[in-house]
Amino acid sequence: MHIMEGYLDPMWCVVWFVVMAPFFIVGVIKLRKIIAEHPEQKMTVALSGAFIFLLSSLKLPSVTGSSSHPTGTGIAVVFYGVGVCAVLSTIVLIFQALLLAHGGFTTLGANCVSMGIIGPFFGLIVWKLVRKAGGNPFVSMFCAAAIADLMTYVVTAIQMTLNVVTVSGADFMSSFSEFISVYAVTQVPLAIVEGIIFAMFAHYLSTAKPEIFQIADENKLNPFSTEV
Amino acid sequence: MNKDTTVYLVGFAIIAVMVILTLALVNGDFGGSDDAGGGAAGDIAGEPVFDENGNPVYAFDEDEEYLLKVFEWVEGDDVYDPSAEHETSPLTGVIFKAYKAQYEHALPVQAREYKTWWNGIFGDYELPGETESLLFAVQAAIGAIIIGFFIGQNSGRKKALVEMGVEQAPEQPAQ
Chain Z
1145 MHIMEGYLDP
1155 MWCVVWFVVM
1165 APFFIVGVIK
1175 LRKIIAEHPE
1185 QKMTVALSGA
1195 FIFLLSSLKL
1205 PSVTGSSSHP
1215 TGTGIAVVFY
1225 GVGVCAVLST
1235 IVLIFQALLL
1245 AHGGFTTLGA
1255 NCVSMGIIGP
1265 FFGLIVWKLV
1275 RKAGGNPFVS
1285 MFCAAAIADL
1295 MTYVVTAIQM
1305 TLNVVTVSGA
1315 DFMSSFSEFI
1325 SVYAVTQVPL
1335 AIVEGIIFAM
1345 FAHYLSTAKP
1355 EIFQIADENK
1365 LNPFSTEV
Chain P
3 MNKDTTVYLV
13 GFAIIAVMVI
23 LTLALVNGDF
33 GGSDDAGGGA
43 AGDIAGEPVF
53 DENGNPVYAF
63 DEDEEYLLKV
73 FEWVEGDDVY
83 DPSAEHETSP
93 LTGVIFKAYK
103 AQYEHALPVQ
113 AREYKTWWNG
123 IFGDYELPGE
133 TESLLFAVQA
143 AIGAIIIGFF
153 IGQNSGRKKA
163 LVEMGVEQAP
173 EQPAQ
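Protein chains in written order, with our numbering: chain Z, 1145 to 1372; chain P, 3 to 177.
Okay, chain Z solo, but in the shape it has when bound (with noise of 0.2 Å):
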């Protein structure tokens, strides 16, 4: 699913390293306060990255000999928010691609802003949305988890479409199309399956660590907060 290495022009490369850039930051602020005045919470920063590098590594063959795999970033951007996702996020996409030529250093901006940030920003306005209409963790993990899951794909869908609308001048929507049916076939069942794996965890956790919920209940959807 990330993009491969080279495959960007640098122009594009660069544009989503800033992009990337101010989230990886206050990412990197808010871990490091977490671990400072929350320790009892390092567990559960590890089981969220634990999470990225499971659901990352499962992957299924798609059409065209690429591939489809989770992202995995659900129980990270809900108890953490944006930032720390990012940074989670990061540290995966470099192991895979220092590791497993899978994605590129010239593409982690991109691949982190798809994966890092902007999909998981989107599962958690649902989540917040979700728990504010009643929802138990269940829901609102499962809705949260799929969603994040989907709009990467629609967000990598779109930094390829803008890549060859630059490049080559191609038209925007039929670019679009074609790249999003690249994935549409494996990626939203992909997302049904990775929405239930996280409401049975969230399950779990809401029985064997319900207190664990304040946390993301008081997470803030401003990806720019470094409260914790």
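A hint or two may mislead.
[Said to hold, decoys possible] 16 Å max Cα-Cα, derived EDC-like pairs, lysine to aspartate or glutamate:
| # | chain 1 | residue 1 | chain 2 | residue 2 |
| --- | --- | --- | --- | --- |
| 1 | Z | Lys1353 | P | Glu169 |
| 2 | Z | Lys1272 | Z | Asp1361 |
| 3 | Z | Lys1276 | Z | Glu1184 |
| 4 | Z | Lys1203 | P | Asp6 |
| 5 | Z | Lys1353 | Z | Glu1184 |
| 6 | P | Lys160 | Z | Glu1362 |
| 7 | Z | Lys1276 | Z | Glu1371 |
| 8 | Z | Lys1353 | P | Asp6 |
| 9 | Z | Lys1177 | Z | Glu1355 |
| 10 | Z | Lys1272 | Z | Glu1362 |
Please keep in mind that the hints were generated in silico from the structure rather than gathered at the bench.
No experiment lies behind these values; they were computed from the predicted model shown.
Put chain P on the given structure of chain Z with help from the hints.
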């Protein structure tokens, strides 16, 4: 069977069914490049793909220069039509020539010689499939170990609290 067990069993059953259905219905081209933008260039290019009736789903143009994705096969001669409409591939910007007589709605998927402007720190070297699987397994294992540790730690903590009489088991899910 208590409510928790039912939730997990039903959840895993749905996941298993959806994964199997996805694998069965996608009929994807397995293996090879798994990055966005890499699949078409890396895997399909090289060999035409045929559907169950023996008609090409993907094929090359006369010079084997550009890859064509054939949406509709039309019986007839396969004479190259130089007056065919020229279109630009939205993926690469490459202008291709359609075989009007042979393919009614031919569309380019990717230029055969798609070149990225940088091949990464390892250049053209590709990891052997076994090594790649190993590294993906390591990645999954890192995540799974941490999640397992978290669940084990919570389970132990809860058991200890129940034994000390601080907490009652089982607890109702949070609302």
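To see whether the hints hold, each was checked on the structure:
1. Z:Lys1353 <-> P:Glu169: holds, 12 Å
2. Z:Lys1272 <-> Z:Asp1361: Holds, at about 8 Å.
3. Z:Lys1276 <-> Z:Glu1184: violated, 27 Å
4. Z:Lys1203 <-> P:Asp6: violated, 28 Å
5. Z:Lys1353 <-> Z:Glu1184: holds, 13 Å
6. P:Lys160 <-> Z:Glu1362: violated, 24 Å
7. Z:Lys1276 <-> Z:Glu1371: violated, 21 Å
8. Z:Lys1353 <-> P:Asp6: At roughly 14 Å apart (the allowed maximum being 16 Å), aspartate 6 of chain P and lysine 1353 of chain Z satisfy the hint.
9. Z:Lys1177 <-> Z:Glu1355: Between lysine 1177 of chain Z and glutamate 1355 of chain Z the Cα gap is close to 20 Å, so the pair fails against 16 Å, i.e. violated.
10. Z:Lys1272 <-> Z:Glu1362: Given that 16 Å is the threshold and the Cα spacing comes to 10 Å, the pair holds.
In terms of the numbered hints stated before, the structure departs from hints 3, 4, 6, 7, 9, listed from lowest to highest.
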